[in-house]
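Asks: Residue numbers (UniProt numbering), protein chains in the order written: chain A, 1 to 321; chain B, 1 to 321.
Hints should not be assumed to be uniformly reliable.
In silico lysine-lysine, DSS-like type, Cα no more than 30 Å apart, as pairs [stated by the list, open to error]:
#1 Lys296/B - Lys179/B
#2 Lys45/B - Lys45/A
#3 Lys55/B - Lys205/A
#4 Lys179/A - Lys45/A
#5 Lys179/A - Lys296/A
#6 Lys45/A - Lys55/B
#7 Lys55/A - Lys253/B
#8 Lys205/A - Lys253/A
#9 Lys303/B - Lys179/B
#10 Lys45/B - Lys253/B
#11 Lys253/A - Lys55/A
#12 Lys205/B - Lys55/B
#13 Lys253/B - Lys205/B
#14 Lys55/B - Lys296/A
#15 Lys45/B - Lys179/B
#16 Lys296/B - Lys296/A
#17 Lys205/A - Lys55/A
#18 Lys253/A - Lys45/A
Which chain B residues face chain A? A few, computed with CB under 8 Å, are given here [unchecked claim]:
#19 Arg14
#20 Ala17
#21 Ile21
#22 Thr23
#23 Val25
#24 Lys28
#25 Glu70
#26 Thr103
#27 Gly107
#28 Ile110
#29 Glu116
#30 Leu206
#31 Gly208
#32 Val311
#33 Arg315
#34 Ile319
Quick caveat, the hints were computed from the structure, so don't treat them as lab data.
Glycine included, C-beta positions come from ideal geometry on N, C-alpha and C.
Protein chains: 2
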Amino acid sequence: MAVYTEISDDEIDRFVASYDIGTVVSLKGIAEGVENSNFLLVTEKGPHILTLYEKRVDPNDLPFFIGLMEHLARRGLTCPQPVRNRAGEALGEVSGRPAAIVTFLDGMWIRRPRVEHCAAVGAALADLHIAGEGFSLTRRNALSVPGWRPLFERSRERAETVTPGLVALIADELDILEKSWPTDLPAGVIHADLFPDNVFFLRGKLSGLIDFYFACNDFFAYDVAICLNAWCFEADGALNVTKARALLGAYEKTRPFSTAERAALPLLARGSALRFLLTRLYDWLNVPPGALVAPKDPLEYLKKLRFHQSVADVRAYGIEP
Amino acid sequence: MAVYTEISDDEIDRFVASYDIGTVVSLKGIAEGVENSNFLLVTEKGPHILTLYEKRVDPNDLPFFIGLMEHLARRGLTCPQPVRNRAGEALGEVSGRPAAIVTFLDGMWIRRPRVEHCAAVGAALADLHIAGEGFSLTRRNALSVPGWRPLFERSRERAETVTPGLVALIADELDILEKSWPTDLPAGVIHADLFPDNVFFLRGKLSGLIDFYFACNDFFAYDVAICLNAWCFEADGALNVTKARALLGAYEKTRPFSTAERAALPLLARGSALRFLLTRLYDWLNVPPGALVAPKDPLEYLKKLRFHQSVADVRAYGIEP
């Protein structure tokens, strides 16, 4: 839930005047998204989304994100499209923040995904990986293995206040993952944050993907592992194998896993679980006073990590090794 | 900023199916409003606002609020209109909360009101007071004089942590207001919360009023005093007499004050300042953990109260006694 920055009526009028989308009819902060401030901007031409990029986003990365959304759409993927102003620019400035207007995407995200939703997201993820081919810009994944230990160090001192034993567990896991993380799996542009709130459905069908602000170049199978964690666990912390099989099976219809990817999946799932455990832990311990964001429970990802630690091979996810 | 209650995709589909507004195209939480959860609900028929009434709203009051919006619109005032479902009901239930769909009102609220906005709101307030005539339901103002002392008692113990001397100042003010509060001024339906975020402007013109969830029967001039406090003070805490004169002057063009109202205005302004000081103080001291609401500064209203305490008569507000 995020609106970190206020926009005055004068400021929005001035900003929108540089675009060919008519005048402002309405502007409302949206209680969604965590990293940036998002607004529903209705103009005479209809609804749009206005995003103000807040301090966690590196302005140098914005051309990658903007360009990627355009590249993916050209390749047939449905996602918000940056609207360019009269000067042809997709990036401007509002209230001292870099800002972009993107098209409004119909659909809503699924609060309690069922098996068919998991299948749909598996297929869409494979489509995304294929559609990302040929994109000319690249972006390193700042939240992959080399980023985890520094992140852990920033939470280490107070981590035990969240749950006893957490420091040793994370330290051991980091040792293992740093040593055994694969180096040569098929890679390309990944979404890296394809949680249910970033996938829209309309009348039962997947209608588009949003929020490409963690997108980067990394292993495709790591992106699959992120989705496995985000979509296929039940509220009680148990993996739903039917959902996992549906997600992985649908993915493989478009982009079959290599033998190496299949073998690496449990480890990648551990890495993905640790990555979200670490960022949630940091956020949990560093809620700013007066924050308008409810931090997400890091322990949800501790449970997922423990599950994947116990996994022998991908049969645990419902597919054959 | 408020979304207190999550709505599942199944639940919203089921709820909207009972209305004749097509199927759900989009549902997004809105980071506006403090008392209730508000969502932008786009259906095949266009955008609407869905409000879920949270625990601070008494469900018994809902027919008053809903009926009032319909009454005011029939009398020519622009405000959101409750949409009735196929059974003719304007109230339903979503996620265990009473819920209503209202029409989407174009316009946006003014972050830094100028003199012309104050004039426009003065005129609209008078229109509202006139349009409220003949409304058959009534609602007592739960946040008028008899409600203030109990509210104060709930904050008293920790009030001095906000600013030293606050307890004595409030206690003295309560004594004075309880003794001298008028009893026979012109009364009717008042908005009781017409702050800038509840007044929309579109292309420089006032386009409508929203959020009638504090509306009640009380003195018209008390409503004027609330607007004086909400619209006519500068960020440094000083009254802008030009704005006050514009607001009061525009109001009087439609509904001139009686001599008694004119004489009571400084006292009513003190009461209004105390009312918002008390509710903000309570909210400030009782921010729930993980709240998605930033409490508003109670001391802003302490400054306003002190200003009105120093006022001899309405000349301080730029009009003649």
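Asks: Hint by hint, note whether the structure agrees.
Replies: Now for the hints, and whether the structure bears them out:
no., hint, result
1, Lys296/B - Lys179/B, "holds, 29 Å"
2, Lys45/B - Lys45/A, "holds, 16 Å"
3, Lys55/B - Lys205/A, "violated, 35 Å"
4, Lys179/A - Lys45/A, "violated, 54 Å"
5, Lys179/A - Lys296/A, "holds, 29 Å"
6, Lys45/A - Lys55/B, "violated, 38 Å"
7, Lys55/A - Lys253/B, "violated, 49 Å"
8, Lys205/A - Lys253/A, "holds, 18 Å"
9, Lys303/B - Lys179/B, "holds, 22 Å"
10, Lys45/B - Lys253/B, "violated, 39 Å"
11, Lys253/A - Lys55/A, "violated, 39 Å"
12, Lys205/B - Lys55/B, "violated, 35 Å"
13, Lys253/B - Lys205/B, "holds, 18 Å"
14, Lys55/B - Lys296/A, "holds, 24 Å"
15, Lys45/B - Lys179/B, "violated, 54 Å"
16, Lys296/B - Lys296/A, "holds, 25 Å"
17, Lys205/A - Lys55/A, "violated, 34 Å"
18, Lys253/A - Lys45/A, "violated, 39 Å"
19, Arg14, "violated, 13 Å"
20, Ala17, "violated, 12 Å"
21, Ile21, "violated, 15 Å"
22, Thr23, "holds, 7 Å"
23, Val25, "holds, 5 Å"
24, Lys28, "holds, 5 Å"
25, Glu70, "violated, 22 Å"
26, Thr103, "violated, 12 Å"
27, Gly107, "holds, 7 Å"
28, Ile110, "holds, 5 Å"
29, Glu116, "violated, 12 Å"
30, Leu206, "violated, 13 Å"
31, Gly208, "violated, 11 Å"
32, Val311, "violated, 30 Å"
33, Arg315, "violated, 32 Å"
34, Ile319, "violated, 28 Å"
Hints 3, 4, 6, 7, 10, 11, 12, 15, 17, 18, 19, 20, 21, 25, 26, 29, 30, 31, 32, 33, 34 from the list above are not met by this structure, while the remaining hints are.
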